[in-house]
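In order, the protein sequences belong to chains A and B. Under the numbering used here, the first residue of the first sequence carries the number 29, and numbering increases by one thereafter. Under the numbering used here, the first residue of the second sequence carries the number 24, and numbering increases by one thereafter.
Hint data in this document are derived by calculation from the structure and do not stem from the laboratory. Misleading hints may appear alongside valid ones.
Computed beta-carbon distance windows for the label pairs [to be verified]: (1) R232(A) with V238(B): 47 to 55 Å; (2) A139(B) with L345(A): 39 to 47 Å; (3) N63(B) with G207(A): 26 to 34 Å; (4) D339(A) with V238(B): 17 to 25 Å; (5) L35(A) with H190(B): 43 to 51 Å; (6) H190(B) with A208(A): 30 to 38 Å; (7) A144(A) with V238(B): 39 to 47 Å; (8) S340(A) with R156(B): 36 to 44 Å; (9) E121(B) with D50(A): 29 to 37 Å; (10) A250(B) with R332(A): 57 to 65 Å; (11) I128(A) with A134(B): 54 to 62 Å; (12) T240(B) with S340(A): 53 to 61 Å.
Listing some non-contacts, in silico: residues in chain A with all C-beta distances to chain B over 10 Å [stated by the list, open to error]: (13) P172; (14) A208; (15) R214; (16) N219; (17) V225; (18) T230; (19) R310; (20) I322.
Since the structure is predicted, the reported quantities are computational estimates derived from the model, not experimental observations. We treat Cβ as the ideally placed atom computed from N, Cα and C, and that holds for glycine.
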Amino acid sequence: MKRWLALAAVIVAVALLPLLLDPRGYWIRVFTFTLLFAAMAQAWNIVGGLANQTSLGHAAFFGIGAYTSTVLLLKFGISPWLGMLAGGALGGLAALVIAIPTMRLQGHYFALATLAFGEVMRVIANVWTSLTGGPGGLSVPFVPPSLAAYSFKLLRPHAYIALAALVVVTAIFEIIRRGAMGYRLRAIKQNPAAAEVIGVDTTRVKLQAAVISGALIAMLGTLYAQVAVFFDPDTVFGIASISIRIALIAIIGGVGTAAGPILGAFFIIPLEEVMNDLLSSRAAGLSQLVFGVILISVILWRPRGFITVFDSLRARLSRSGAS
Amino acid sequence: MSSPLLDITQLRASYGEAEVLHGIDLSVSQREFVCIIGANTAGKSTILRSISRLVPKSSGSMRFGGVDLAALAAHQIPALGIAHVPEGRQIFPDMTVEENLLLGAFTARNARDLPARIADVFELFPRLRERYRQLAGTLSGGEQQMVAVGRALMLRPKLLLLDEPSHGLAPKVVEEMHQAFKTIHERGTSILLVEQNVELALDVASRGYVLEAGVVTLAGTAAELHANPAVVTAYLGL
């Protein structure tokens, strides 16, 4: 009960934040992208955390979502909300197609195979100019503002949509984690041999996780496209800009936990912005170097993610409370 | 005699190009306790893994209560009433003893008697009751094996497949474990035991097969095998 109250308080506090930020300003944009990346890392967490398959190819599904809704809007004037559903279906399908040959791979082999798939999608988007506009990218057309058309004058509604998306994806993650599917995935993660002899259909569960994760991240691709207004293959199918970034967010925050990707996103995305802001004008590339040093320190200091800081704090508090 | 519970004829199994079982005939009757003995790499575990459909390439006939096992996938086997305790304490280390046990019964259709099933396991292994909320990975080797066996029993299986259950355990625990197997058998479960400790295997089982390089070279009652000079010199070291 206490935990639910605390959770509600955090959500309300985060929901109030956009009202305090300048609606035309820079920080509400950073805030919106932070929420979006938290939701993406949470969707990744279903495969990367629960099934323990470190995918480095989730940009493939993300880009499919961004392109599907934007192409449907540009060519047929279809609302991005419907485009989001179409993109989700295509993203789930793509996740199924890639999962069938790769799910038997373990560790690095799985990571590399998925990485390659993300790259294939980037190359396709670059050369299929008639559909995607090629390397020049796509601009989301501005239509008269309305919720039904997913078009707004200011960033505030985008921030709230991103927040709602984060809450929904996190809820889906928790439902899976606590339910029968979560137990099956944990069983496979901890001991594949034992999982098989107790009757877990390992193939089916892994495919389910891959499809749910891929479909969710594709839907978030539409949200990204609507906020960013312009994107090209290198941003939405990018290894560093999407695939590795979302995996990193979840890993830094605490993989396999619901709070991990959220903590990770609120650390990494603002940090990147601050680094770029402070350092890029003085020495190009230095921000990346400092960013890298910070990440390495975090991994050395907290190999299981930021979430463990709270565990040790709680342990310390209860110890001092007892004495 | 009625038809056996498990009836295997001409089972061949391969890993990649290498065939490890070259035509095995083996049966287990209702309420029977059968053991398979033989040296390492003879293919003992492969027989159990074939029954559980964990060996991708196998041929021959395997029937369990009239059902053709070859037509099924690995995850469909437990629902028939075949529980497999794989070699080497295959537990879920980061789950509690409770969660490990419950997962053993997750394919069971009727979930209302789970407390009764857990009580049965506790009666057999009282030590698990004390360790109920503990992470299974933090238990001793013997206790982990109890979890693995207990998890299999949660299925209330008709046939229990035991793969080297005493391997690497302290002699006292081995004794305890075999006592538990006797009890499980007396309660009405058929058992197929693979065991390197031939003395112990022939003590608990009523019938046995001797496997050498993928071929059954001897079969008979435990008493017959125990008296057989070939078994004595090769496995009992007397």
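Each hint tested on the structure:
no., hint, result
1, R232(A) with V238(B): 47 to 55 Å, "violated, 37 Å"
2, A139(B) with L345(A): 39 to 47 Å, "holds, 41 Å"
3, N63(B) with G207(A): 26 to 34 Å, "violated, 42 Å"
4, D339(A) with V238(B): 17 to 25 Å, "violated, 56 Å"
5, L35(A) with H190(B): 43 to 51 Å, "holds, 47 Å"
6, H190(B) with A208(A): 30 to 38 Å, "holds, 32 Å"
7, A144(A) with V238(B): 39 to 47 Å, "holds, 45 Å"
8, S340(A) with R156(B): 36 to 44 Å, "violated, 22 Å"
9, E121(B) with D50(A): 29 to 37 Å, "violated, 53 Å"
10, A250(B) with R332(A): 57 to 65 Å, "holds, 58 Å"
11, I128(A) with A134(B): 54 to 62 Å, "violated, 32 Å"
12, T240(B) with S340(A): 53 to 61 Å, "holds, 60 Å"
13, P172, "holds, 53 Å"
14, A208, "violated, 7 Å"
15, R214, "violated, 7 Å"
16, N219, "violated, 5 Å"
17, V225, "violated, 4 Å"
18, T230, "violated, 7 Å"
19, R310, "holds, 47 Å"
20, I322, "holds, 29 Å"
Checked against the numbered hints given earlier, the structure breaks hints 1, 3, 4, 8, 9, 11, 14, 15, 16, 17 and 18 and satisfies all the rest.
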